[in-house]
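S.K.: The numbering used here numbers the first residue of the first sequence as 774 and each following residue consecutively.
A couple of the hints might just be wrong.
What the hints assert, rightly or not - Derived CB-CB ranges, DEER-like: (1) 833 / 865: 23 to 29 angstroms; (2) 858 / 953: 41 to 47 angstroms; (3) 1093 / 958: 58 to 64 angstroms; (4) 1004 / 1095: 52 to 58 angstroms; (5) 1095 / 1029: 20 to 26 angstroms; (6) 876 / 996: 27 to 33 angstroms; (7) 1027 / 906: 21 to 27 angstroms; (8) 1090 / 1001: 49 to 55 angstroms; (9) 989 / 849: 32 to 38 angstroms; (10) 844 / 902: 56 to 62 angstroms; (11) 1027 / 1062: 20 to 26 angstroms; (12) 958 / 912: 16 to 22 angstroms; (13) 858 / 1005: 41 to 47 angstroms; (14) 1054 / 967: 55 to 61 angstroms.
Said to hold, decoys possible - Below 30 angstroms or equal to it, Euclidean Cα-Cα: the simulated DSBU-like pairs (lysine-lysine) are: (15) 1033 / 998; (16) 1027 / 1093; (17) 986 / 944; (18) 986 / 879; (19) 944 / 1027; (20) 857 / 986; (21) 879 / 832; (22) 1027 / 1088; (23) 958 / 986; (24) 879 / 857; (25) 856 / 877; (26) 986 / 866; (27) 1088 / 1063; (28) 856 / 998; (29) 1094 / 1033; (30) 1063 / 1094; (31) 958 / 944; (32) 1027 / 986; (33) 1033 / 1088; (34) 1098 / 1033; (35) 958 / 998; (36) 1093 / 1062; (37) 1027 / 998; (38) 1098 / 1063; (39) 1033 / 1093; (40) 1063 / 1027.
Source of the hints: derived by calculation from the structure; they are not laboratory data.
Glycine included, C-beta positions come from ideal geometry on N, C-alpha and C.
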Amino acid sequence: MSFSICVAQCTDSLSATMDDQARIMQSIGGVSLAGHSVQGGMALPPPHGHDGTDGDGRKQDIGDILHQIMTITDQSLDEAQAKKHGLNCHRMKPALFSVLCEIKEKTGLSIRGAQEEDPPDPQLMRLDNMLLAEGVAGPEKGGGSAAAAAAAAASGGAADNSIEHSDYRAKLTQIRQIYHTELEKYEQACNEFTTHVMNLLREQSRTRPISPKEIERMVGIIHRKFSSIQMQLKQSTCEAVMILRSRFLDARRKRRNFSKQATEILNEYFYSHLSNPYPSEEAKEELAKKCSITVSQGVGSTITVSQVSNWFGNKRIRYKKNIGKFQEEANLYAAKTAVNAAHAAAAAVQNSQANSPTTPNSGFQMKDEEFQLDSAESKNTLLSNMFTGSSGSFNLPNSGDMFLSMQSLNGDSYQGAQVGANVQSQVDTLRHVISQTAGYNDALGGNTMYSPHGLNANGGWQDATTPSSVISPTEGPGSVHSDTSN
DNA sequence: AATAATGATTATGG
DNA sequence: CCATAATCATTATT
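Kindly generate the complete structure, drawing on both the sequences and the hints.
M.R.: Right, here's the structure in full:
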């Protein structure tokens, strides 16, 4: 990329300057040496004209030098090499060279950079750690993009989560690949450049004193420069990863509403466990599974346990916060599950005769599919009768019968079939409906709106008080039906 | 376009 | 670690 171009340019310009420098040095050295009669077998053109005693001669001399300088670039490389060789072979050269080395050593110019290297640059370390944590710099895992693509393709109906995840991973591997190729390129360029410089220095060390330390220092400088560039790369990679992360993993950006069926199921559970809407881990798993398979074949998003947890968390808090807003919904689901309960209870009663106490679930299990359909209309009629049928408010003399009949049915099932805990939820639901409507019936002012059993005054669901004892909720409303059992 | 609904996250406390 | 409450950011609805 741009960087390598830059490097190439640097290299070129550096070599150019060094070559030029070498040639200039040679020529000038030649001239000056010639001027001071230290000249050996050099192929320099002898300064013509008289020895500059007067201005004219000096001018001539200077002009000559200038001419040489100006024509340096016209000299062929071979010519220059030849001159260089000549200079190197000069008999005085070793002596002069050692003198120069000594002088340089004394001036201490060569050793002046023995300070750095130790601080590992905390920022760079931070970047490295981040890249490592993000899986960009670490060991190649999963075979890179191919694996990600395969996962995306093969997932099929597996999970929408995995699709997004693999998408994310594909992008991540892309970033990782870019990062690695760039890094490698930098490394290579750095090495190339280093060897180039070292060669140059070695070459020059024949003409001017260059200590190994100096070379080392040079290499250190180069490496620092390159590592700073690498840090830039790492930084931008980190940035890219962070952007990708926020784009893909922050699920809030890709929120998808649950399907109708899923919310149905969740609501059903919620309202039928209103006294203690805290599904256990298993219950959550089951709910998640059920929600996921309702739309199974489609691309319907699968719902995870944590999503169920989220849902219940949100539901609880929102329900509690504004119970009035959820009344309608509560009634709806309560009635619905009540109908289910009635059907199930009937089935249970039927079954209880033939079946031993085995699997009390079986009676209820079927409600999923069989009742779902046929309860649709009965539910609707029930609802319209119950709540919307009469005048706007819920004073309903006839619906009381409805509840009572249902309640008695339920009671039957409870006693006859011994369905235990499972029935409990249905009872819960029924109680909800009953107490609800009763509360309205009593017209005890708006604030007495049916506080759900278990939702105490402080606003917390107190411990599942599973009122297995009887159906009467708390107070007055319960009395309406408590004695009408026959 | 304004607003409500809603799934997810964050902060806090037990 | 889980529940709650507040909040965020997206999606649905008006």
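S.K.: Now look at each hint and say whether the structure bears it out.
M.R.: Evaluated hints:
Evaluation of the 23 to 29 angstroms hint for residue 833 and residue 865 yields a pass: the beta carbon distance comes to about 27 angstroms. About 46 angstroms separates the C-beta atoms of residue 858 and residue 953, a value consistent with the hinted range of 41 to 47 angstroms. Between residue 1093 and residue 958, the C-beta spacing of about 60 angstroms keeps the proposed range 58 to 64 angstroms intact. In this structure, residue 1004 and residue 1095 meet the distance hint of 52 to 58 angstroms, their C-beta atoms being roughly 53 angstroms apart.
A hinted range of 20 to 26 angstroms for the beta carbons of residue 1095 and residue 1029 is consistent with their spacing of about 25 angstroms. Restraint check, residue 876 to residue 996: a C-beta distance of roughly 29 angstroms satisfies the suggested window 27 to 33 angstroms. The hinted range of 21 to 27 angstroms is satisfied by residue 1027 and residue 906, whose Cβ atoms lie roughly 23 angstroms apart. Checking the proposed 49 to 55 angstroms range against residue 1090 and residue 1001 shows it holds: the Cβ atoms sit about 51 angstroms from each other.
Look at residue 989 against residue 849: about 35 angstroms separates their beta carbons, and that is inside 32 to 38 angstroms. Hint check: residue 844 to residue 902, Cβ distance near 59 angstroms, so the stated range 56 to 62 angstroms holds. Remark: the range hint 20 to 26 angstroms for residue 1027 to residue 1062 is upheld by a beta-carbon distance near 23 angstroms. The hinted window of 16 to 22 angstroms between residue 958 and residue 912 holds, with their beta carbons roughly 21 angstroms apart.
Range check, residue 858 to residue 1005: Cβ separation about 44 angstroms, and the 41 to 47 angstroms hint holds. Between residue 1054 and residue 967, the C-beta spacing of about 60 angstroms keeps the proposed range 55 to 61 angstroms intact. Distance check on the hinted pair: residue 1033 and residue 998 sit about 60 angstroms apart at the alpha-carbon level, beyond 30 angstroms; violated. A hinted pair counts as satisfied when its Cα atoms are at most 30 angstroms apart, and residue 1027 with residue 1093 qualifies at roughly 27 angstroms.
As the CA atoms of residue 986 and residue 944 are separated by approximately 45 angstroms, the hinted pair breaks the 30 angstroms bound. Note on residue 986 and residue 879: the hinted pairing holds, with a Cα-Cα distance of about 15 angstroms set against a maximum of 30 angstroms. Distance hint between residue 944 and residue 1027 is fulfilled; the C-alpha atoms sit about 17 angstroms from each other, no more than 30 angstroms. Restraint check for residue 857 and residue 986: the C-alpha separation of about 25 angstroms stays at or below 30 angstroms, so the hint holds.
Between the alpha carbons of residue 879 and residue 832 the distance comes to roughly 37 angstroms, so the proposed pair goes past 30 angstroms and is violated. Proximity of residue 1027 to residue 1088 is assessed by CA-CA distance (about 20 angstroms); at most 30 angstroms being required, the pair is judged to hold. At most 30 angstroms may separate the alpha-carbon atoms for a hinted pair to count; residue 958 and residue 986 meet this at roughly 27 angstroms. Distance check on the hinted pair: residue 879 and residue 857 sit about 27 angstroms apart at the alpha-carbon level, within 30 angstroms; holds.
This hinted pair checks out: residue 856 and residue 877 have alpha carbons roughly 25 angstroms apart, not beyond 30 angstroms. Only pairs whose Cα atoms come within 30 angstroms are accepted, and residue 986 paired with residue 866 is accepted, the gap being roughly 23 angstroms. Distance check on the hinted pair: residue 1088 and residue 1063 sit about 18 angstroms apart at the alpha-carbon level, within 30 angstroms; holds. Proximity of residue 856 to residue 998 is assessed by CA-CA distance (about 35 angstroms); at most 30 angstroms being required, the pair is judged violated.
Taking the CA atoms of residue 1094 and residue 1033, the gap is near 23 angstroms; set against the 30 angstroms cutoff, the hint holds. For the suggested pair residue 1063 and residue 1094, the alpha carbons sit about 28 angstroms apart, so the restraint of at most 30 angstroms is met. For the proposed pair residue 958 and residue 944, the alpha carbon gap of about 21 angstroms is at most 30 angstroms, so the pair holds. Restraint check for residue 1027 and residue 986: not satisfied, since their Cα atoms lie roughly 59 angstroms apart, outside the 30 angstroms limit.
Between residue 1033 and residue 1088, the direct Cα distance comes to roughly 16 angstroms. Compliance with the 30 angstroms bound is thereby established for this hinted pair. Taking the CA atoms of residue 1098 and residue 1033, the gap is near 19 angstroms; set against the 30 angstroms cutoff, the hint holds. Proximity of residue 958 to residue 998 is assessed by CA-CA distance (about 15 angstroms); at most 30 angstroms being required, the pair is judged to hold. Under the criterion of a C-alpha separation no larger than 30 angstroms, the hint pairing residue 1093 with residue 1062 is consistent with the structure, at around 27 angstroms.
For the given pair, residue 1027 sits about 42 angstroms from residue 998 by alpha-carbon distance, which is inconsistent with the 30 angstroms threshold. With a CA separation close to 27 angstroms, the supplied pair residue 1098 and residue 1063 stays within the 30 angstroms bound. For the suggested pair residue 1033 and residue 1093, the alpha carbons sit about 22 angstroms apart, so the restraint of at most 30 angstroms is met. At roughly 23 angstroms between alpha-carbon atoms, residue 1063 and residue 1027 fall within 30 angstroms of each other, so this suggested pair holds.
In terms of the numbered hints stated before, the structure departs from hints 15, 17, 21, 28, 32, 37, listed from lowest to highest.
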